[in-house]
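Here the structure of chain A is known, so what remains is to put chains B, C and D in place on it, guided by the hints.
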Amino acid sequence: MPVKKHPKIESRAQNFARALQQVFGRGFGPGFWLAVVWLLIVAFCALFADWLPVRDPLDPVIANRLNGPFSTNVLGADGLGRDIFARLIHGARVSVVIGLTAVSIGMIIGGALGIIAGYFRGHFERGLMAVLDIILAFPWLVLLLALVAFIGQSLFAISVAIGFLWIPAYARVARANTLSVVQREYVLAAKAMGASTTRILIKEVLPNVILPVIAYGLVAMGLVIIVESALAFLGLSVEAPQPTWGGMISEGKRHLATAVHVALIPSVTMFLTVLSLNFVGDRLRSRFDVKESNL
Amino acid sequence: MIGRQGILTSGIDQFGAALRTGLTCFAFSLLIVSCSPAGQGGVGDNQPPSDPGTPMHGGHLRVALEGETNNWLPGRGNHVAPAALTVAMALFDPLIRLDHEGRFQPYLAESLVPNQTFDQWTLTLRPGVVFHDGTPLNADAIKWNFDNLHKRQGSVTFGSIRDVERVEVLDDLRVVYFLSKGIVPFPDMLTRAVGWPVSPTAVQRYGDEAGLYPVGTGPFELVTWRRDDALELKRNERYWREGLPYLDGITFRPLPDEDARLASLISNDMDVIQTLRQHIVARLRGMSGIHLYEQIGNSSGSAIFNAQRPPVDDARVRQALAWSLDPEVLIEVLGGRGISPVQTQYFNENNVWYSPRAATAWPQRDQAKARELLQSYMSDPQRSDGKATGEPVFIELMCLPEQSLIDLAQMYQALWGAVGFDVRLRQVEQATQIQSAISGDYMVTCWRSSNEQDPYIIFSNDFGPVEGQPLNYTNFTHPVIQQNLEILQLAPDFETRYAAVEQILLLLAEQVPNTWTGSTPAAVAANPRVRNIKDWTFPDGRMGDGMPVAQVSWAQVWMLDDDALEAERAAREGDE
Amino acid sequence: MKPPAQKTSLTNLLEVRNLSIRLNSAAGLVHAVEDVSFTLQEGQTLGIVGESGSGKSVMARSLMNLLPRRAIAQRTGSVTLSGREISDLSERQLQHLRGPEIAMIFQDPMTALNPVLTICVQVSEPLQQHLKMSKQAARVRAIELLDAVGIPDAVNRIDQYPHQLSGGMRQRVVIAIALACNPSLLIADEPTTALDVTVQKQILDLLTRLQNERRMGMVLITHDLGVVASRADFIAVMYAGRLVEVAPANTLFKSMQHPYTEALFNSIPRINDASHTRLQAIPGRPPQLHNPAPGCAFAPRCPYAQQRCHRETPPVVQAAQQGHLHACFYPVFRPVAVGDV
Amino acid sequence: MKLLLRKLPWLVGTLLAVSFFTFMLVSLLPGDPAVLILGAGVSPEAIAALRLEMGLDRPLLIRYLDWLGSALTGDLGRSPMTGQLVMDAILARLPVTVQLGLMAIVIALTFAIPLAMLSASFAGSKLDRTISGIGFALMSVPGFMMAIFLILIFAVTLGWFPATGWIPFSVSPLANLRNALLPALSLAMIELALYMRLLRTDLIDTLQQDYITLARAKGMPAWRILTRHALRPSSFSLLTVVGLQLGGVISGAIIVEEIFALPGVGRLLYQSILQRDLLMVQGIVLFIATAYVLVNFLVDLCYSLLDPRVRYAG
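Respectively, the protein sequence lines represent chains A, B, C and D.
Note that our numbering has the first sequence beginning at 1, numbered continuously upward.
Note that our numbering has the second sequence beginning at 296, numbered continuously upward.
Note that our numbering has the third sequence beginning at 872, numbered continuously upward.
Note that our numbering has the fourth sequence beginning at 1213, numbered continuously upward.
It should be emphasised that the hints constitute simulated quantities derived from the structure, not laboratory data.
Residues from chain D shown here face chain B by an in silico Cβ test under 7 Å; the list is partial:
1. P1374
2. T1376
3. L1486
Cβ-Cβ distance ranges computed for the label pairs, FRET-style:
4. P207/A <-> G1267/D: 51 to 57 Å
5. Q1159/C <-> F48/A: 45 to 51 Å
6. F48/A <-> R719/B: 22 to 28 Å
7. S958/C <-> L1217/D: 56 to 62 Å
Now the stretches of chain D that chain C is said to cover, found in silico as 3 or more residues with beta-carbon under 8 Å:
8. 1411-1423
9. 1513-1520
Quick reminder that beta carbons are idealized off the backbone N, C-alpha and C, glycines included.
Okay, chain A solo, but in the shape it has when bound:
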């Protein structure tokens, strides 16, 4: 039997459609689209790195060692004579994979916990928030170092370790949004109609929480890339020879005085990407009015 809705209460579908319209509607400005285009380029490189007509990112040609841009190599060669352009493109894959995996882990686990806490309140909420507070009390780098020491330095392990760090932030975002959604009329109406809890959570709460959470995810991805580079700087990121932007910067640091491009090119690439993620994420977030203070 179809649930009859009060005409004045907006249906879930309408609400969702309106949110979508808000996202892709006008008013973003060219800067936003510029950032989006850059992110699409990065995503494209990450996806098709193996099929792009670039050199082998792992092949050291010692004769090209530390050559500058526009010489033997388009963007120059690194300390082992490997092509920086190819490494950038393949490094994009690592950044995207770590970003996506870490953010997804945080998003799924943290998001679920947050929604449950925000919906059911009570002891679970209080307990969860206490645990999150305790996790936050530890400097993230220490947690990360410990996690990496436990589970190793594979791409997957690093992603999981960084993802773990994001659970508290996501739980907070999801909880804050759930709290506000639960009190809205259409959820109350659905409750009044006797809809099951699971049904309300999945059909009413989730669609309304997921957009702000995803918008926050873009900003989080930017931060994940920065965290990865910090790990790489300490030599604890994904194992060589897998190229990562953070790894390339710390490899290049050795040559700063003699061949600045080795560190500078990945730095600029990373800067542009993180900037774009921040920018796009911030735009989207302000559309959903997720306050930074909720994090």
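Leaving out everything else, chains B, C and D in the frame of chain A:
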């Protein structure tokens, strides 16, 4: 009613502003880097004068090192790192030191005399030497040091003196070391931490914290130690060598970041810096306005194989791995072409033990031969890794997460991959690396060997029986090595010993339990007013062994004051 | 209520001429105020009545130039206060005007007071700023003001924070703030909407009393025709940003011209109605103010609307009585003949 | 005071949980400390002997209770690696990290607050967009890159500030500030951007409140409205985030102290982790986490200073 969209629209400005800000910063730093004085620009005018001039007293030296030890107490602290060794030269005096010909000479001791069978050594001390706290250096102090700091379970030096059974006091200034077997190069053991006497009264007084308050007989005594920050030393007014030291004091600072350390010299925050990294040495060579001291040591970066772990338990695999390496390329990755000579054996070309025959025999740069050896292993139905014939050989290379080593490991991987090995890199922290090496839980690992000791000590450590020698990380033993070790242990004359060393080196070149890269260049760069970094002498005027692993004898370093520096400059201009 | 003869001798305190304001919004341009004109003289009260969203508040704020500059897309017409054109003044000159000359009371006393500052600070602040009083003097004066607006135990109340006061008390504080510098014009933007019914009358009575004592001009904005009926000298009815009818209070109720005014009038509950009498709600929804369609804005809801009303915007015309203006092609109350007057 | 009493059990519970988590986190790190102390080249018996001496053979829970018991009396044990008392080591290095962190937060706030006020009061203008853009740029540069660039520019090339090293405040206040400036700056940048964007959003919200319009209607000058009326109600989330960011500052300090070779707690912590100096790591992490919990507890109490609603409700 009041539109907030003004904040949301035309993000181009905001994005643009962010972009401009960021890129301007990058451009600025680019500009700065390109005109920084550290830029590569050929060979700089940085040779220290051959004649250091007249020594003068006074001055306070600031020295930046690559690290620091955890504990200054010999037997407790880890005193094998170059940074710790060089500081120890200011705080302590070794009983025995090497001279410029590689012979053991008494330094703090007056003499060290063996019996016929080389299993009892009588050490005679100089009269009148006192520790910083006034405690006299006598036979009792030596025995106390041996019993309480070194010959004790849990001491860091315990392993290196396993063949020394006890020390007995003969009289006030003489002790006898009793060995379990005759060892000709026993004096070598007294050049390191075991031979640095510490004041027993001080150690007892400070108890648990003795490692924070080192009290030795060295030319400088402790003022304060702020860990990871600065070790302040002042002149030891009661130093046993008349007129020494020249300096009033020294501050040692650990600056682990190589670039930051170099920057501190350029910006004149520091007077002396030390480095063992090829790429920094390359930059120092291109700089002017400093004095650069270099000494190629016997130490070298290397990769060692676990001879008990398939497939590198098979000599063919090790040989294939060795033949596929191009040391020149490895050196270039470490710091640049020609920065240090190719290492082919345990000793460098200037060393007395160097063997040209072993150098020729050392496998390198023959990919065809490497492929052939690899093929022979792969097609062997009895191949040790248990895989089917024709399957690729899997190699796991363990390395520390340090940038130059990561670069090196990647080059190893590429070179080995080129001849058909399937190579995986595993980055581990030092904690895990040492543990894996000790427990034999590795296949191939990056390693740094420091071979400044006597060949007997080196080889009996590195290739002693697997059961009784924890230092044998490669788990490689061979009858030829055992035979020649016996010769090295007991034969006193150089010719016999040299032949034995050469036999071992030739065997190693054939069996390759480890490979080499380039010799590690030890470098010390100093402000031009700092003099005599390298040319230290024994009390009798005999020249010392310089500064192996950048270990400087601070007692004989001096600093020119402004007047002297000005006078010298004027004199030089007058000459021209 | 003052005799009309006296009024003519007074100068124009506030004069609004053809004021139009368009605002930016996410959905496009909002025609918040369209071609509004009226005058107000010293001591007089103008009641502005209209549904929520009819542009009353925007107009009220624009009288003090309080709208954020960025929000305004376009502003035409003039607002003169005692002969000075408001839109010509700089922000600094406006600051000197606000408080001593023109003051405002807000709709919601719960949000109009700063939660983190004491009542004392908030009341004495304009005194220090405009009248250059010392801190002490301002405090004494603030207590007097609170007394005057009927806050019991003002001496103790003054050091409390807004959240410690009831809604009615807070609105009295807001009134005290508005009156602090003796303004000649007071704009009250729905001053009682957010309050309990019992408190509403007290506040309105207070305002009327104070206005009479101080001979202030007052613009009283409300959505409730009943509120202004007995208190305003003139009443202006606002719909979709336009003034659709302006008349002296007594005239208006005698001869309503605009169908919307009539509809508003009919929606006032009356005591003497029989119980169970259905209140007459205005059918349809208030119009969207962005991109208005041509024609009379009320036409879609108007029972008398003709073809023409949907095509053309009716001009403001003079009705039978002096000073009675309306904008409707087909007024409700038709005078017998123009010539009769 | 009542508020304090009510929250005290919660505080104690959190601290206990923190201590347990610290202990487990550190104890389960792979790598045997006994091996690392002795270094390469010792016999297995020597290692076993040292493990026994260090008590590493006892059950984990017993070791935890033991450690917690002494920790409560302020005794965090003695590092077997360095022979130093853990508490002494922390206290000796604390001034550096605290000074760095405080300087970073102060620098960040001194720039963030005025910039956010400028940005918010001209929201949507070119100025606002430029300021926000700078904020975005700062947020997109990792702290270690910032540190490297600052060294390159101000230490190596311009020579205005030393590249490394530390001089205690007590020795020479001026030299101390000169040494601390670059590291504090590289820590401050990300914080600055974060605070600025946060405060800007909240200020824009606040500036749309009725009481701001009322203040304008009173004829108050714009600067007074910003500082007196808008800043305080807008600063709650800033305060929260400054508290929450403490962990971030410590993490940043680890890297910055490593690059600038500063003798701070962060560097001690990192090196202790690498050397598996378990007691030292446990002590430092416990210390930091406790400080974090206490600071955030204080932040909670601070609300009542800023917001009278909380003060009287409590």
